[in-house]
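Keeping the supplied structure of chain S fixed, place chain A upon it in accordance with the hints.
Protein chains: 2
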Amino acid sequence: MLIVCYKDYKVSGKLKIREEQAPYPNDEEVLIRVKSFGINRPDLLQKKGLYPPPASASKILGLECSGFVEKTGKKVKGIKEGDKVCALTAGGAYAEKVSVHQWHCFNIPKNLAFSEAAVLPEVFMTCWANIFELGSLKQGDSILIHGGNSGIGCAAIQLAKWAGATVICSVRTEEKKNFCEALGCTSVINIGKEDFVEYIQEKFPSKINVILDMIGGDFTEKNLRCLGEYGRLVQIAFLKGQFPKVDLMQIIKQRLVITGSTLRARSDKEKKRIADQLKKNIWPEIENGNIKPCLNKEYELSEINEAHEFMENSMHMGKIAVTIS
Amino acid sequence: MLIVCYKDYKVSGKLKIREEQAPYPNDEEVLIRVKSFGINRPDLLQKKGLYPPPASASKILGLECSGFVEKTGKKVKGIKEGDKVCALTAGGAYAEKVSVHQWHCFNIPKNLAFSEAAVLPEVFMTCWANIFELGSLKQGDSILIHGGNSGIGCAAIQLAKWAGATVICSVRTEEKKNFCEALGCTSVINIGKEDFVEYIQEKFPSKINVILDMIGGDFTEKNLRCLGEYGRLVQIAFLKGQFPKVDLMQIIKQRLVITGSTLRARSDKEKKRIADQLKKNIWPEIENGNIKPCLNKEYELSEINEAHEFMENSMHMGKIAVTIS
Numbered sequence: 031m032l033i034v035c036y037k038d039y040k041v042s043g044k045l046k047i048r049e050e051q052a053p054y055p056n057d058e059e060v061l062i063r064v065k066s067f068g069i070n071r072p073d074l075l076q077k078k079g080l081y082p083p084p085a086s087a088s089k090i091l092g093l094e095c096s097g098f099v100e101k102t103g104k105k106v107k108g109i110k111e112g113d114k115v116c117a118l119t120a121g122g123a124y125a126e127k128v129s130v131h132q133w134h135c136f137n138i139p140k141n142l143a144f145s146e147a148a149v150l151p152e153v154f155m156t157c158w159a160n161i162f163e164l165g166s167l168k169q170g171d172s173i174l175i176h177g178g179n180s181g182i183g184c185a186a187i188q189l190a191k192w193a194g195a196t197v198i199c200s201v202r203t204e205e206k207k208n209f210c211e212a213l214g215c216t217s218v219i220n221i222g223k224e225d226f227v228e229y230i231q232e233k234f235p236s237k238i239n240v241i242l243d244m245i246g247g248d249f250t251e252k253n254l255r256c257l258g259e260y261g262r263l264v265q266i267a268f269l270k271g272q273f274p275k276v277d278l279m280q281i282i283k284q285r286l287v288i289t290g291s292t293l294r295a296r297s298d299k300e301k302k303r304i305a306d307q308l309k310k311n312i313w314p315e316i317e318n319g320n321i322k323p324c325l326n327k328e329y330e331l332s333e334i335n336e337a338h339e340f341m342e343n344s345m346h347m348g349k350i351a352v353t354i355s
Numbered sequence: 031m032l033i034v035c036y037k038d039y040k041v042s043g044k045l046k047i048r049e050e051q052a053p054y055p056n057d058e059e060v061l062i063r064v065k066s067f068g069i070n071r072p073d074l075l076q077k078k079g080l081y082p083p084p085a086s087a088s089k090i091l092g093l094e095c096s097g098f099v100e101k102t103g104k105k106v107k108g109i110k111e112g113d114k115v116c117a118l119t120a121g122g123a124y125a126e127k128v129s130v131h132q133w134h135c136f137n138i139p140k141n142l143a144f145s146e147a148a149v150l151p152e153v154f155m156t157c158w159a160n161i162f163e164l165g166s167l168k169q170g171d172s173i174l175i176h177g178g179n180s181g182i183g184c185a186a187i188q189l190a191k192w193a194g195a196t197v198i199c200s201v202r203t204e205e206k207k208n209f210c211e212a213l214g215c216t217s218v219i220n221i222g223k224e225d226f227v228e229y230i231q232e233k234f235p236s237k238i239n240v241i242l243d244m245i246g247g248d249f250t251e252k253n254l255r256c257l258g259e260y261g262r263l264v265q266i267a268f269l270k271g272q273f274p275k276v277d278l279m280q281i282i283k284q285r286l287v288i289t290g291s292t293l294r295a296r297s298d299k300e301k302k303r304i305a306d307q308l309k310k311n312i313w314p315e316i317e318n319g320n321i322k323p324c325l326n327k328e329y330e331l332s333e334i335n336e337a338h339e340f341m342e343n344s345m346h347m348g349k350i351a352v353t354i355s
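Those sequence lines, one after another, are chains S and A.
Just so we're aligned: 282 in our numbering is position 252 of the first sequence, and the numbers increase by one with no gaps anywhere.
Just so we're aligned: 88 in our numbering is position 58 of the second sequence, and the numbers increase by one with no gaps anywhere.
In isolation and in its complexed conformation, chain S is listed as follows (with noise of 0.2 Å):
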């Protein structure tokens, strides 16, 4: 099968395409024939050997993807050979083929194209785990949302909206902030014109109870200045900086919380708690057309190094697909 190859990306500065052997579904695996895959911003980071697997996934990129199951291991049940799906996937979804875990398998919802379906579960089980377990948010809350334009914006703001919260996000162009508003927000930020902790605590002084940040660096203070008491600020990877100082009077005084996760570091088994609870509670939603995928292009397999500069560039609004014809 033809796999995306990144091992030499250091020396070409290219990701390149080659011939490999398929992947072998285990007994709680199913094999996938990838027609698309989704892109996210991990898979930039660990091109360049700054983001290593975990030690049991495949070293070829790619965390989501949709396509027709090729192959069922012995003890999967409710998938059978033929089936259209889109998954999570640990890692090679960068690939014709790929096995997943039979959990992190899901419908492809109605009238999608496979494409669509490809950019859906590492976004949405991202934001899922991130605003409503660790989050906390519920109806009536208000939520900001770091780049908002994002793929995980994207989803992050329709999660959000469907659960009845004010929704808040910051973008760094007016473009953005159409986009965004189109999506549903409240209010947008211009961060490029405005400073953030201003705008919230005039326009929001009983300030904010969720904040969903894949900043960090100096975001990291300014972020808890814009929260209320018992406000959490969910952290999802630190584009900015790693080692942010906080000020520990701001948490202990208003009782907040400081917390965040990966998915990617998860177990089996809360990965499908996560994806169970999508297929419960957005997949309909999907299918009804109130939540939208939001892919914003759509690349062939040969383009992989024009899909990733696209992201590289902060160009994106919304999710990048790459397609195998």
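Calculated directly from the structure, the hints in this document are not laboratory data.
Just so you know, not all the hints are guaranteed correct.
Identical copies carry no separate label here, and so any pair may be met within one copy or between two of them.
Said to hold, decoys possible - Under the rule of at most 27 Å between Cα atoms (straight-line distance), these lysine-lysine pairs were calculated in the DSS-like manner: (1) Lys-89 - Lys-114; (2) Lys-233 - Lys-270; (3) Lys-107 - Lys-78; (4) Lys-101 - Lys-40; (5) Lys-89 - Lys-283.
Same frame as chain S, now just chain A:
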């Protein structure tokens, strides 16, 4: 009435005793004739001007006391003149008389002296709120308590033991180590001799569920390295530094929580909720002798400066009370 005055502390370096008008209880308050009050670390900061009391609170020092009820407000229920009580005060306990919200009064547990009862409210309420409510400590969990010999430490060790947790604490001398072992700690780390991170990683390879910390500074980053998956770092003060660095990777890889609180900043209603939990769960344990007030030393009102020095020099193992004869 006599009160302890600290207003010219900066000039004289001493607390002084002077005469002042007694407070008058509002409808929800009781006036207590103070027999004994407890010394707490925030008092040391407040006298130096480093811990301003909330706007609504008395400017006089003192967060807890015991004594006789002398007067009751119109809306007070279940407490009458002449009752012996101990209480959490919003301030003002360093005095012959203090007004206290009715919700924050406790019966004095059977067989306890006024001086023993006076030192219960602040540390037991602080520990209950932080260990069980914010830290979610449960049976079978492990907890690391820094400063095990402090007033907070003694209460924390006993509450955690009562809950069925494995209790580890850190201290700075062998004498304090013996003291904490006698209180029933599973393990005591003398951090004058040993690195607590190495100790935990060696002796508790599955790591710690909850850490109760009042140190901050470089302890914060070390604490995070001691926590296992879903571990909670609960901060109640920061003697070594208010602005520590944190490693966001540690947090998101293990889904850690950093949180914390002070008791004083909470609403009357929150304090009531915490007090009610103690009355129900812990007061019976104090009455049957399973949990002790850990009164270390008792001073007369005229020795107030000696009492402060004893805590300032970290000589204490348990609580310090001042008695008004």
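Each hint tested on the structure:
no.	hint	in the structure
1	Lys-89 - Lys-114	within (25 Å within a copy, 70 Å between copies)
2	Lys-233 - Lys-270	within (26 Å within a copy, 36 Å between copies)
3	Lys-107 - Lys-78	neither (38 Å within a copy, 68 Å between copies)
4	Lys-101 - Lys-40	neither (35 Å within a copy, 79 Å between copies)
5	Lys-89 - Lys-283	between (45 Å within a copy, 19 Å between copies)
In the structure shown, a violation is registered for the earlier hints numbered 3, 4, in ascending order.
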